[in-house]
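> Chain by chain, the residues:
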Amino acid sequence: MDTKHLDRVVIRFVGDSGDGMQLTGTEFAKAAAEAGNDISTFPDFPAEIRAPAGSLFGVSGFQLHFSSSEIHTPGDAPDVLVAMNPAGLKTNLKDLVEGGTLIVNTGAFIEANLKKAGYASNPLEDGSLDKYKVHAVDINHLTMAALETSELSNKEKGRAKNFFSLGLVFWMYGREPESEIRRIYQQFAKKPEFGEANVKVFKAGYHFGETAEVFQTVYKVPAHVFKPGMYRNITGNEAIALGLVVGAELAGKKLFYSGYPITPASSILHSLAKYKNFGTLTFQAEDEIAAMGAALGAAYGGSIAVTASSGPGIALKGEAIGLGIMTELPVVILNIQRGGPSTGLPTKTEQSDLLQALYGRNGESPMPVLAAKSPGDTFYCAIEAVKIATRYMVPVMLLSDGYIANGSEPWPLPNLSALPRFEVVHRTNPDSYFVYERDERTLARAWVIPGTPGLEHRIGGIEKDALTGNISYAPDNHEKQTHVRADKIARIAQDIGELDLGGAESGDVLVIGWGGTYGALRQAQQQLAAQGKLVSHAHVRWLSPLEPGLAKIIKNFKRVIVAELNMGQLRMMIRATFLVDALGLNKIQGLPFKVREVVDAIEHAIEHQVDAKPTESTAVSTQPQALA
Amino acid sequence: MSEAVKLKLSKKDLESDQDVRWCPGCGDYAILATVQRTLAQIGIKRENTVFVSGIGCSSRFPYYMNTYGFHTIHGRAPAIASGLKVTRPDLDVWVITGDGDGLSIGGNHMIHALRRNMDFKIILFNNQIYGLTKGQYSPTSAMGTRAPSTPTGSIDHPLNPISLALGAGATFIARAADTDAKLMGVILQEAYKHKGAVFIEMLQNCPVFNDGVWEGVKDDPAGKQIALAEGKPLVFAGGTKGIKLGAGMVPQIVDVGDGPGQTPVSEIVVHTERGSALYASLLAQLVMPDYPIPMGVLYRNDKPTYGELAAQQVDDAIAKQGTGDLNKLMYSGMVWEVGADGTRH
Chain A
1 MDTKHLDRVV
11 IRFVGDSGDG
21 MQLTGTEFAK
31 AAAEAGNDIS
41 TFPDFPAEIR
51 APAGSLFGVS
61 GFQLHFSSSE
71 IHTPGDAPDV
81 LVAMNPAGLK
91 TNLKDLVEGG
101 TLIVNTGAFI
111 EANLKKAGYA
121 SNPLEDGSLD
131 KYKVHAVDIN
141 HLTMAALETS
151 ELSNKEKGRA
161 KNFFSLGLVF
171 WMYGREPESE
181 IRRIYQQFAK
191 KPEFGEANVK
201 VFKAGYHFGE
211 TAEVFQTVYK
221 VPAHVFKPGM
231 YRNITGNEAI
241 ALGLVVGAEL
251 AGKKLFYSGY
261 PITPASSILH
271 SLAKYKNFGT
281 LTFQAEDEIA
291 AMGAALGAAY
301 GGSIAVTASS
311 GPGIALKGEA
321 IGLGIMTELP
331 VVILNIQRGG
341 PSTGLPTKTE
351 QSDLLQALYG
361 RNGESPMPVL
371 AAKSPGDTFY
381 CAIEAVKIAT
391 RYMVPVMLLS
401 DGYIANGSEP
411 WPLPNLSALP
421 RFEVVHRTNP
431 DSYFVYERDE
441 RTLARAWVIP
451 GTPGLEHRIG
461 GIEKDALTGN
471 ISYAPDNHEK
481 QTHVRADKIA
491 RIAQDIGELD
501 LGGAESGDVL
511 VIGWGGTYGA
521 LRQAQQQLAA
531 QGKLVSHAHV
541 RWLSPLEPGL
551 AKIIKNFKRV
561 IVAELNMGQL
571 RMMIRATFLV
581 DALGLNKIQG
591 LPFKVREVVD
601 AIEHAIEHQV
611 DAKPTESTAV
621 STQPQALA
Chain B
629 MSEAVKLKLS
639 KKDLESDQDV
649 RWCPGCGDYA
659 ILATVQRTLA
669 QIGIKRENTV
679 FVSGIGCSSR
689 FPYYMNTYGF
699 HTIHGRAPAI
709 ASGLKVTRPD
719 LDVWVITGDG
729 DGLSIGGNHM
739 IHALRRNMDF
749 KIILFNNQIY
759 GLTKGQYSPT
769 SAMGTRAPST
779 PTGSIDHPLN
789 PISLALGAGA
799 TFIARAADTD
809 AKLMGVILQE
819 AYKHKGAVFI
829 EMLQNCPVFN
839 DGVWEGVKDD
849 PAGKQIALAE
859 GKPLVFAGGT
869 KGIKLGAGMV
879 PQIVDVGDGP
889 GQTPVSEIVV
899 HTERGSALYA
909 SLLAQLVMPD
919 YPIPMGVLYR
929 NDKPTYGELA
939 AQQVDDAIAK
949 QGTGDLNKLM
959 YSGMVWEVGA
969 DGTRH
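If you read the sequences in order, they're chains A and B.
The first sequence stops at residue 628 when you use our numbering, and every number in between is there.
The second sequence stops at residue 973 when you use our numbering, and every number in between is there.
Only pairs whose alpha carbons sit at most 20 Å apart, straight line, appear in this in silico DMTMM-like list of lysine to aspartate or glutamate:
id, chain 1, residue 1, chain 2, residue 2
1, A, 254, B, 936
2, A, 30, B, 965
3, B, 810, B, 843
4, A, 276, B, 953
Hints in this document: simulated from the structure, not taken from any laboratory.
For reference, chain B alone in the conformation it holds in the complex (with noise of 0.2 Å):
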């Protein structure tokens, strides 16, 4: 009965039993932190919250969190959540992923629950690397990243995980870092209020393997990131750069004040949530080193669930058939009776 009447839920309640085996210094301890204390000021019903996640250092976090988990195989997760979600709408589902559990070995099942657009929330922790196999690169490694198995630098070209949740169709897609406490908290909450496939990509320190890799970003906030807001233009470096929509709609970098060579505030993009999809693109291609890199909700759009529809075909079906009746089922086709003489009447 505690539980039930117990009226706020605290981060601790949503803390497991389990010993956290991350190595000290890593960024999924402030994620987990942070997913733990969101999760206890929306108040959650833990019975009702379920994460799933693959293979990786990043998919231990379900033992951690006390809710029901699932630590399945590797790169499978969305296809496992998709059909918890679908079979039971009254669950909250997450999905905890990496850049190499989700966008290598996982990559179809991450296209395909986004363009479904399943009602899970996918939390992906892009630390440029693989960790738990001991530091190869990983499908989002810049371009000539040393590791053990590109000892002479990797050649392929990295995966720009927004661009690919876009191409996807995900209806929610954001970004922070395991530094931003705050940001993570307010995407965190208005994921949670989403309906429909959400798509996180949480910029996460790997200290042993990859460590700094985000460091720009977390340092230099002023000048290495664009914190996004509703309705306000793409400004950066405290208000004095902003982004401006060139010729081949190039994005430029602009000094931003109304003195000579510089661009006044109205000529600079505005940030809309629910733009459409080739402004969400623009954003998905600022990315670090040439750009300063958004944050925060970059693309919103409502559309029916893969559950919602699954069920109203469930319901249409019953409304124009009746209940399923399963001896008329049995009894359709060519039925005929043989009598007690053993003929055909």
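The shape of chain A in the complex, shown without the other chains (with noise of 0.2 Å):
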């Protein structure tokens, strides 16, 4: 048997959505993250449950980046391939690379099958896979193989062919398998005649590549040397739950969640529901707009409170985030961006809601916009968004993404302690109340709750006197609240932390980006930095207000790209703000950046001086002027 050492490996796990290939990815992860790699995972999946078996639109795919150095994404293109069926290959070859590995299961590479994945011929006899290192493997059989003296029946038996792809993998990249057999016991601890199969197909797949000599090879990925501490596995949904649950905690304060299903975010009420012990509520609303009413209610109250959609969901909360900006009081909302425009594409990923937060809703409604950067990210996202709407007395949206809320990332767990507390405190003296009196630093009302005897008062969407908050129509009024409402969001700027900017103060290219691209925007980056090129990536953590940091650098570049995933929502803004004639990398297909995406667009940017060039898979857009 012969070892060799890799420094990174990109794998990706493609079948059908009923074929268990987001379980056998999590779980290679977790081998991954166990055995000390830095790992990123992307998970792809289609809306459809159990999409029909064998169809091109059905493929469910996973696919994991471990590394021995530091990564940021779920890495470009797959250097493995391990497709259950035709219709995993047909759509997922083409970004395997050149000469990669490709274990397919034959079992499922029948006529009908075929067919549906629109294969004239049978590409593992045609020769159409010859540039790649095919391991052909009957998993279906094998499977049934090494269940023969079970006593499940034939379909049960067929289900736990995952474990035999997730055995050989693991021979393939010598992980532990004792951990993983511990994991599927208890998985399945409920129904252990499951457990038992799944651990016996497991171990064939693992025995399989022991025996079988096309295998000999064992692919070793050392560990990343890691900063010391303690890590966990995360994934953004698991992230910014945490992070809630602290930040209301750091508030001094109770926490209710209110949420009503929807893709990508409803993993957030999930987790959240099972921490009643914390004294947390969760409200599952009959819909997003009662959703949106109950977190209004309970900040009332005096509660922390947060509710979270996608943007069909905030779109229906949009005139009760406006009650919350009238009535100034404290609400979290995330919106975890998925594609769009209606239903859109539930289960991608897209950046497309960035004016929708900004804008979308009736009348000046200005609110504070921050973006998540990572999954890891989401949860001092939660806790700064927290903090400032209980600071502000604002309704506050924080932005994810379907990439980074699903994606999981090692994740170096915080010091709970040095995290400083923000203590709320709600006005109890009734001397000289008016409702609308303002701090002088950060313009918010005070916060006075239902049970305070002689403080009682009303509220509400009609406009308002700027002192007493009594309904007021008059002109004066009206405008001075509105510029007062604006003054106050334009506040938080100053407790806004510093610009993340990777690379110098000034150069020949800024690149600007938000959110759940950070990763692929910063590798980027540093490989250009690394061949001696003058580029710069500023990451946006506040949309709104726009961080402070960019006025400062943003003139000292000779060109500035915004790169983000939608027709260039931010470089709006920015040749807005700054009446720079800001270029586009702008991709709108489901999927986050690839490095490679990002470092031709900025070559080709620095090269020719006049415009980032669109790649094969991206647009970059060559008239800024019809979007400015």
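From the two separate chains plus the hints, produce the assembled complex.
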């Protein structure tokens, strides 16, 4: 047996949406993390729960990047593709690197499946896979054989086949099978017969790798040298839920979370519903509007109130968000963005709700908006959102996206006792109380809650007097209130940290990004900087108010490229705010940026000094003026 | 201190300093006065009382109460009240809504608040018209209602608020009219005591856009309404007429008495607030012009409230798992340590 050392590997598992590819990928990611690799994952699945078997649109995939050095993305292209059926092969082969390893479940390559996948001939036989290292394994058959003595039905036995592929890749990458076997038993503790069968099949896959001659090379990806400390593997939605619980604790308040089921935000509600022993109340509302309304009611009562949704749900919440802005109540609204418009691409990622977040309400209704850059960063953003909402008495929108919500990474656990507290105080002094009297520094009104004697008052959505809060239709008062609501948001800039800048404060190209594209953009910048190119990357965390740090540096670069997964929404803001002729690097495919795409676009901008060039799969707008 | 030692609350204590902006002659004035008077009699704590409303004429109500008040957006008051009451069970929460606000744009929140048995009191002012938007027909308007939006008459069947509340699962359902301060006071007292979702249909006159729509009920209480009384037969018109159940459970109006052609009172349906939902549904079907309209408490039932159950789940979780430990929570799942050498331990 031969052992080969690699620095990093990108592997993708693909199969039917009922084939258990997400589980296989997640488990293999755990093994990589356990072995000390840096990891980044990218689950990519259809909106249909169990799409028709064998169909092209029903293919579910999970990509894992594991490495002995620091990584920021799930990898541009897989080095290894595990295809459980022809449809998976058909839709994913184009991404596999040339000469890459292909593990194919031949048992699924029957005529009916080939036909469904649109293959005229069997790719395993017609030579079309010659440029790859193909391992043809009849996983269907080997799974059934491993379970020959099992009393499960054939259908149930067949479902275990993903564990065969898991066992096989465990062998290929020298992973320790013992802890995985423990995890399988644990996961199926309530159905031990399934646990037993899955372990059998997992072992069969592992031993197949060991004995079949074709797998005589074991690849070792050595552990990454991390900073010392405690780590856990975490997805964006898990981290955001933890951040909310911790944020409420730092504010010294109870958390109330209301939501309506929507992809990809629902799992936050699932997590928080389990945290009842923290006093957290969760409320599955009858619709998105009610979820926002209930959050407002809870905020009015003095709770840390949070609601989450994705674009379509945020649209429904719009009027109630406006009420929160008018009545100046602290609510945190999470938008886990997905592809739009309308129902759009529910399970795919996009950054196309930025302008909705900034402007998607009637009237002049500014609100603070910040965006998380990675799964682990959602934790800190959630805390920051709670802090700003309560300090400035305003609804805050936190943007995440499907990519960081479902993707995972090793996360250095924070030292909770080191996080600064921001204890909330409710006014109780009834002397000379005016409902809209404001704090000098933050312009926030006092958060007076029902139950406080002597401070009974009325608030509502009608314009109100700038001091007393009584209904007022006076022209000057409305103008004053409109300005003060905007000024309050602008003042948040005083509590925003430093701009996240990779590279120097001046140079040839400044790439500006925001949200979940951080990993790809920063890696591209680092690659180019390593080649001596004068490229910097500013990653914007606060979009409203827009990071003050940008103003200081944006004119120091010959060229500004705004890279985002939309048609150029931040670019429009940048151009309008700074009057710079910013170029756009835009991709609207429901997929994250690849590092290669970003590098190509920047290089092109440097070479041609005119415009960023579209790569094969990304569209760089050549008509920025149309959007400005 | 004067507030705390004051023995008795008066109606005046519950009046806010705001100018009341309803049209002259609006039924809302009488409702406001009765609510203020009754809550003063009950001796509520002003600071623990919150009025939440949506949009519409009736929804201006909170501004005039010297309690906490939240004038929200169209139709959403039950949703906002839900978030408030679940997180603040110590507060008394009242929702003020109308037939357009509560049954049209906010119908969904209405049914779900009732279904969950949210522990707050919903008073729906039913004037069968949109007032604030200048007189369009509403979901409770009679068929054929001529309004700016229906110049040739409305063609949709009206919604029965009591049937809706029953179907949705309200646990206290009552009806009163703006002109009957006495009955309104009794119902408010009973509603205040009830734990769970209260639904009160308040028949209210809009003198500008739908004047006299409840005229029959008010001017001829003897003939057009049944004053519901616990354990008493459903009789009206001075006891001379009553409701008897015919074949197919069709309510029949009969002459009550022992003479020829009359029905003995023993055959008249007897009212009980804690009857079945089927009986309450029957009451809900008694609508004008075919029947006299039942006034009073139609239905009452005790069920755990959403808030109680939610709090119970929190208590249970704490009893079972112990008070939440944030460090433990953070360190759950797959956790590992990286040592000084940068590798995993």
